[in-house]
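S.K.: Sequence:
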Amino acid sequence: MATEIRVPTLGESVTEATVATWFKKPGDSVAADEMLCELETDKVTVEVPSPTSGKLDEIVAKEGETVGVDALLGIIAEAGQAGSSTEVTERKTAETSKPDSEPEAEVSQD
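Residues in the sequence shown are numbered from -13 upward in steps of one, following the working numbering.
Source of the hints: derived by calculation from the structure; they are not laboratory data.
Every residue, glycine too, gets a C-beta built ideally from N, C-alpha and C.
One or more of the hints may lead you astray.
Stated by the list, open to error - Listed next, the in silico DSBU-like pairs over lysine-lysine satisfying Cα-Cα at most 30 Å (straight line):
#1 K48 / K11
#2 K29 / K10
#3 K11 / K29
#4 K48 / K10
#5 K29 / K48
#6 K10 / K41
#7 K11 / K41
Claimed, not checked - Computed beta-carbon distance windows for the label pairs:
#8 A65 / G(-3): 31 to 41 Å
#9 E64 / S(-1): 17 to 27 Å
#10 K29 / A65: 10 to 20 Å
#11 F9 / K29: 30 to 40 Å
#12 K48 / T1: 28 to 38 Å
#13 T38 / T(-5): 29 to 39 Å
#14 S(-1) / S39: 13 to 23 Å
#15 K29 / G50: 14 to 24 Å
#16 A(-12) / G54: 20 to 30 Å
#17 E64 / D28: 29 to 39 Å
#18 A65 / T1: 17 to 27 Å
#19 V0 / P35: 23 to 33 Å
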């Protein structure tokens, strides 16, 4: 199962931050409470810890992007399940691109 990495509460009256640095890249192993990225506001710099151990599967918010409180930063896959969110996305894309019905067989007229 995948775990979402979200922007924590940044303090009273602070509603957004900029992703300053990612300490990990997709595919890297992470431990619970290990620092994953750093967010900057006009008042404070906040380090975002990993909510669980596993592998960093995807970074959603890139460095330099502005994010709001509770915005999705990235996804951690449980150990042994890296690539799960990519596989789900590819599966959904494949399902939606299938035609609704099978094409009818062409009948040749001699």
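S.K.: What are the numbers of the hints that this structure violates, sorted from low to high?
M.R.: 9, 10, 11, 12, 13, 14, 18 and 19
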